[in-house]
Amino acid sequence: MITLESLSKRYGESTVVNQVSLEIERNSITVIVGTSGSGKSTLLRMINRLIEPTSGRVLIEGRDTRAEPAHLLRRRIGYVIQGHGLFPHRTVAENIATVPRLLGWETARIAARVTELLEVFQLDPGKYAASLPHELSGGQQQRVGVARALAAEPAVLLMDEPFGALDPIIRAKAQDDLLGIQRRFGTTIVLVTHDMDEAFRLGDKVAVMSQGRVLQYDRPAMLLIRPTDPFVTRMTGLADRALRLLSLITAADAALPGTSEGPAVQGSASLRDALSELVWSGADSARVVDADGTARGRLTVAAILAHGHP
Amino acid sequence: MRLSRPRLDALGAVLVVAGAAALFFLPFVVFKSNRIVPGDPRTLGAVLPGWGALGCEAALALAAAAALWIADARVRLVLALTGVVAVALAAAAAGNALTPPGNLVVRIAPGAAFWTLLICLGLLATDATTRLRPGPALRVLLLAASLGIAGLTLAHGTFDHLSVMREYAVNAVRFARELRQHLALAFGSLGAAVIVGLPLGILCHRLPRLRPGVLTTLNIIQTIPAIALFGILMAPLGALAAAVPLADRLGIRGIGAAPAVVALFLYSLLPIVANTVAGLRRVSRSAVEAAHGMGMTARQVLLGVELLLALPVIVTGIRVVLVQNIGMVTVAALIGGGGLGAFVFQGIGQTAIDLVLLGAIPIVTLAFSAALVLDALVEAMDRVKASA
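Protein chains in written order, with numbering that gives the first Met the number 0: chain X, 0 to 309; chain R, 0 to 387.
Hints in this document: simulated from the structure, not taken from any laboratory.
Treat the numbers as computed from the prediction; the structure is a model and nothing was measured.
The beta-carbon is built from N, C-alpha and C at its ideal position, and this holds for glycine as well.
Any given hint could turn out to be false.
To be verified - Facing chain R, from chain X, some residues (calculated, C-beta under 8 Å): (1) L49; (2) T53; (3) Y78; (4) I80; (5) G82; (6) G84.
Claimed, not checked - Derived DEER-like restraints, expressed as beta-carbon distance ranges: (7) R:P198 to X:K172: 43 to 49 Å; (8) R:N218 to X:K172: 48 to 54 Å; (9) R:L202 to X:E134: 30 to 36 Å; (10) R:R284 to X:G257: 55 to 61 Å; (11) X:G185 to R:A370: 38 to 44 Å; (12) X:E67 to R:R284: 22 to 28 Å; (13) X:H133 to R:L141: 26 to 32 Å; (14) X:E134 to R:A154: 28 to 34 Å; (15) R:P198 to X:G236: 49 to 55 Å; (16) R:N218 to X:A66: 21 to 27 Å; (17) R:N218 to X:R233: 15 to 21 Å; (18) X:H193 to R:L141: 41 to 47 Å; (19) R:P133 to X:R25: 29 to 35 Å.
Claimed, not checked - If you want the footprint, here are the derived chain R segments under chain X, 3+ residues with CB under 8 Å: (20) 200–207; (21) 263–269.
Modelling step: build the complete structure from the supplied sequences, incorporating the hints.
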């Protein structure tokens, strides 16, 4: 668990982060979302002390982050930035090995970890380990950036607009991969973005920031149902809030007992996707199935619509 | 299918016309009864009757044919180098043939045709090498081989009867001393400039407010002519020597090596500092941020990421300085700084052109070699393009 206690950062007269307190749960993805200049990146960087707070403190598992030198703290915390920041003069394998080397791991252990991570990120070790970053595509560079941040098995991973430089299709894939990685390693992830869709897609909890303050910190559905500030409503958008709400619920969770002659919908699909399928096919109800095809129940248009408002 | 007519090579045509005109109308060697009288010009045919001249002319004809009609760069390079060897051997043979046995007073100097032919063949060889695009290692190897062959023939005495080698024979001990002095001045001032310039460049990168002032000052120093800078330095260094006997004993005086080293050091600072700043600015900011974020210490980020990535640009600055210094050390001889320039200015004073060449040829060779080796080094290091 990461605890931020009345964290503030001031540069001269201007206050960039103002009295922010957050409890970030273990093994979850917390997204900090805000417009540019809202202080979200500054807040993130105060967690690994790339920026030292003017006042307040950060506790990781109850331990003050100032208890050890900043560079030793950072070796225990993964860090991913926009534009990946790979070392252009080092190979993919050397890039991934950066933190384990700093920590003085044995060569064999480092090599095994590098191979494992390359496989997890669907990069053939035989083909890519010895490549230089500029020989990779943008999506591959981004994956190497995340693999490098995870190399030393950190319990916490900080990500600053990690997918900002990717085109939409590759970004969607990278977001799916991140959800898989989080489940696999159980990492506590704090991610900063300006993209509300990304926040809804990834966040177990979302903190909306504006002018250095956290306006609301809650589960994504609650931001739609019970916004505490007009700015939160503006960020989440009024026009499609019903559809956003549907996108947060899976078909499996909303499935009714029984079966249907209508089209098949994956249990992992969102209600928004299920509704889209029903509208497209003109059917009244859909069959909810597992990945292996076994029936899990049915969904009607009316049942879906019932989930689209508080 | 028709055979395409061989196309005439434009550069080759110019070189062949220039080389042929020089061969037929200009003296190949100049015969002088002593080292300062004006000489008696001799053509190649006149000094080397029979097979010698014919052999040389045959090699030149082959090189000319390659220059005009053969597109294969390897053939052009081999025939151009064969031409260089033929011209050099012909000059050596002319020296041997024209020197009366036991006579140490006559001077057989290479003439205008000799130099023109060497330049034409050299350009042909350079052009062919450029077309072949050899890698950095191969270029250094080619240079080492060329210097090795030249050194061996000189040591063997092949050219001993030519005027420049006559001057060398008389000045051998001094030549070794002045060469050492030349290298010491060039590399010493470079070393001092790197020791001061590199940290200064890093400082300018870290503190942008400092940058305009430092770079402008160094730019102004660059615009001062070398002789003027020597003059400016004479007064303070002379005063220092007079006031501090220890400085005088260490050789820090108004004239001599001290003002030369100081002046060269000052000239060297701009390329080192400017290139260090440019190299560090080229380093991707996100790579530096990621390095800090992963827990590298400030020292590890500077040495392992920033300087390493900036190194090709910094070495380019060192190359500029080294080539510039090797040339400018020549002028240091004017204020008693020594170096190969001593032969150049002594030769000018005595109107003994051979003595000028004894100084100038090694200077040009040194500067050329330094440029080639450091260019190859930069290219080898720059295999990684700084990615965005």
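Here is how each hint holds up against the structure:
1. L49: holds (6 Å)
2. T53: Where the cut-off is 8 Å and the nearest Cβ of chain R is about 20 Å from T53 of chain X, the hint is violated.
3. Y78: holds (4 Å)
4. I80: This interface hint holds because 6 Å falls under the 8 Å limit.
5. G82: holds (4 Å)
6. G84: Holds. Min distance 3 Å.
7. R:P198 to X:K172: 43 to 49 Å: holds (46 Å)
8. R:N218 to X:K172: 48 to 54 Å: Cβ of N218 of chain R to Cβ of K172 of chain X: about 51 Å, so the range 48 to 54 Å holds.
9. R:L202 to X:E134: 30 to 36 Å: Since the Cβ atoms of L202 of chain R and E134 of chain X sit about 35 Å apart, the hinted range of 30 to 36 Å holds.
10. R:R284 to X:G257: 55 to 61 Å: Since the Cβ atoms of R284 of chain R and G257 of chain X sit about 58 Å apart, the hinted range of 55 to 61 Å holds.
11. X:G185 to R:A370: 38 to 44 Å: violated (58 Å)
12. X:E67 to R:R284: 22 to 28 Å: Hint holds: Cβ distance 27 Å, inside 22 to 28 Å.
13. X:H133 to R:L141: 26 to 32 Å: holds (30 Å)
14. X:E134 to R:A154: 28 to 34 Å: Violated: the Cβ-Cβ distance is about 48 Å, outside 28 to 34 Å.
15. R:P198 to X:G236: 49 to 55 Å: With Cβ atoms ~53 Å apart, the hint holds.
16. R:N218 to X:A66: 21 to 27 Å: violated (49 Å)
17. R:N218 to X:R233: 15 to 21 Å: violated (53 Å)
18. X:H193 to R:L141: 41 to 47 Å: violated (56 Å)
19. R:P133 to X:R25: 29 to 35 Å: violated (60 Å)
20. 200–207: Answer violated; 0 residues pass the 8 Å Cβ test.
21. 263–269: violated (count 0)
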